[in-house]
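Peer 1: So the protein sequences, as listed, match chains A and B.
Residues in the first sequence are numbered from 310 upward in steps of one, following our numbering.
Residues in the second sequence are numbered from 155 upward in steps of one, following our numbering.
Incorrect hints may have been included.
Label-pair distances were calculated between CB atoms; the ranges are [unchecked claim]:
1) Arg255(B) to Ile315(A): 30 to 36 Å
2) Ala214(B) to Thr348(A): 54 to 60 Å
3) Arg241(B) to Arg335(A): 33 to 39 Å
Beyond 10 Å from chain A on every Cβ pair, some chain B residues (computed) [to be verified]:
4) Glu210
5) Gln218
6) Tyr244
FYI, nobody ran anything at the bench for these hints, they're computed from the structure.
For each residue, glycine too, the CB sits at the ideal point set by N, CA and C.
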Amino acid sequence: MNAVAILGILVGLVAVATVVGVLWQRSNGHVREIDDASTVISVGELNADAVAGRGATLLQFSTEVCAPCRTTHQLLGDLATELNGVAHVDVDVSHRPDLANRYNLLQSPTTFILDGSGVVRARIGGAPRPAEVRAELDRILAAA
Amino acid sequence: MATAEKPLPASKQALLAKEGQPGIDPRGPRFGAGITAVLVLVVIGLALAGPALPPETIGARATQPAFILLAAISALFAWGAFAGIRRHPYGLLFKKLVRPRLAPPAHLEDPKPPTFSQGVGFVITFAGVVLSLVGVPYVLLIAAVFAFFAAFLNSVFDYCLGCQIYLLLVRAGVLGRGTRAA
Numbered sequence: 310m311n312a313v314a315i316l317g318i319l320v321g322l323v324a325v326a327t328v329v330g331v332l333w334q335r336s337n338g339h340v341r342e343i344d345d346a347s348t349v350i351s352v353g354e355l356n357a358d359a360v361a362g363r364g365a366t367l368l369q370f371s372t373e374v375c376a377p378c379r380t381t382h383q384l385l386g387d388l389a390t391e392l393n394g395v396a397h398v399d400v401d402v403s404h405r406p407d408l409a410n411r412y413n414l415l416q417s418p419t420t421f422i423l424d425g426s427g428v429v430r431a432r433i434g435g436a437p438r439p440a441e442v443r444a445e446l447d448r449i450l451a452a453a
Numbered sequence: 155m156a157t158a159e160k161p162l163p164a165s166k167q168a169l170l171a172k173e174g175q176p177g178i179d180p181r182g183p184r185f186g187a188g189i190t191a192v193l194v195l196v197v198i199g200l201a202l203a204g205p206a207l208p209p210e211t212i213g214a215r216a217t218q219p220a221f222i223l224l225a226a227i228s229a230l231f232a233w234g235a236f237a238g239i240r241r242h243p244y245g246l247l248f249k250k251l252v253r254p255r256l257a258p259p260a261h262l263e264d265p266k267p268p269t270f271s272q273g274v275g276f277v278i279t280f281a282g283v284v285l286s287l288v289g290v291p292y293v294l295l296i297a298a299v300f301a302f303f304a305a306f307l308n309s310v311f312d313y314c315l316g317c318q319i320y321l322l323l324v325r326a327g328v329l330g331r332g333t334r335a336a
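Bound-form chain A, shown alone (with noise of 0.2 Å):
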């Protein structure tokens, strides 16, 4: 192959990287809502220390290989100590294939946002995005 074929190759290379990049940004952290009703999960069963809120619980799923598993804990642990009927629980899943499998867990963080019955109401997959998150409580909140 000659140079100016595999230069362009190179370069196409990471033309496509690129893009993947903006569009992995662009796409990770929504909250997704969930609208059938069917799961319900009880925090307690998962973590024995774990308290479900009130209102809403931000159940999120970690690994300990995953450093934005550590800000997502910061940022939905302030945001349950702000809001009143919020709790936060993180739940590791280093070692638990069989939760992976039951919530279907692809990536970590993934985070679930339980309403007041602990029925799943949204998902978010990646590191979350706190206005998103905020709404999507502030809904379930008046709902309740």
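Here the structure of chain A is known, so what remains is to put chain B in place on it, guided by the hints.
Peer 2: Frame of chain A, contents of chain B only:
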């Protein structure tokens, strides 16, 4: 969690290295991933410039420039994965050449996530090295393309490969079966 003397922004607090554990400058691994991205791009270029089908003998396959460079990159990944990211040569390079020119880091991070990424890089590149040595066509190129995407996205976009694949490996039963790490 370690309490710093000056409170950090909340988003940074969470990344602090655990108490009693030396942390790393979070810019170090991204700097290293940048070097890796450039090197694997060179591997891809060399592989494209070389013969389309693998040479007949093991000796000839092992002395192709693309093979030698990918083997060296793979060895560097192994270094990071098994000796820990803190002992990686790119980390030392970062400390000597880059960090003195930057402001001191606002915080230090847990080395576990980037060490895991080094392991992923090692598995991908080592598979490419071994299979191409055996004579499987195109694997060197394929491994280099995978490694390029991972290193480039990590370096430029702070993409966390471990976050995306760790749980898939746990679910596949490859990881996470053992007892909980301390």
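Peer 1: So, for every hint listed, does it hold in this structure?
Peer 2: Hints, one by one, checked against the model:
1. Arg255(B) to Ile315(A): 30 to 36 Å: 33 Å, holds
2. Ala214(B) to Thr348(A): 54 to 60 Å: Roughly 58 Å apart at Cβ, these two residues keep to the hinted range, so it holds.
3. Arg241(B) to Arg335(A): 33 to 39 Å: 36 Å, holds
4. Glu210: 20 Å, holds
5. Gln218: 15 Å, holds
6. Tyr244: 18 Å, holds
Violated hints are absent here; each numbered hint is respected by the structure.
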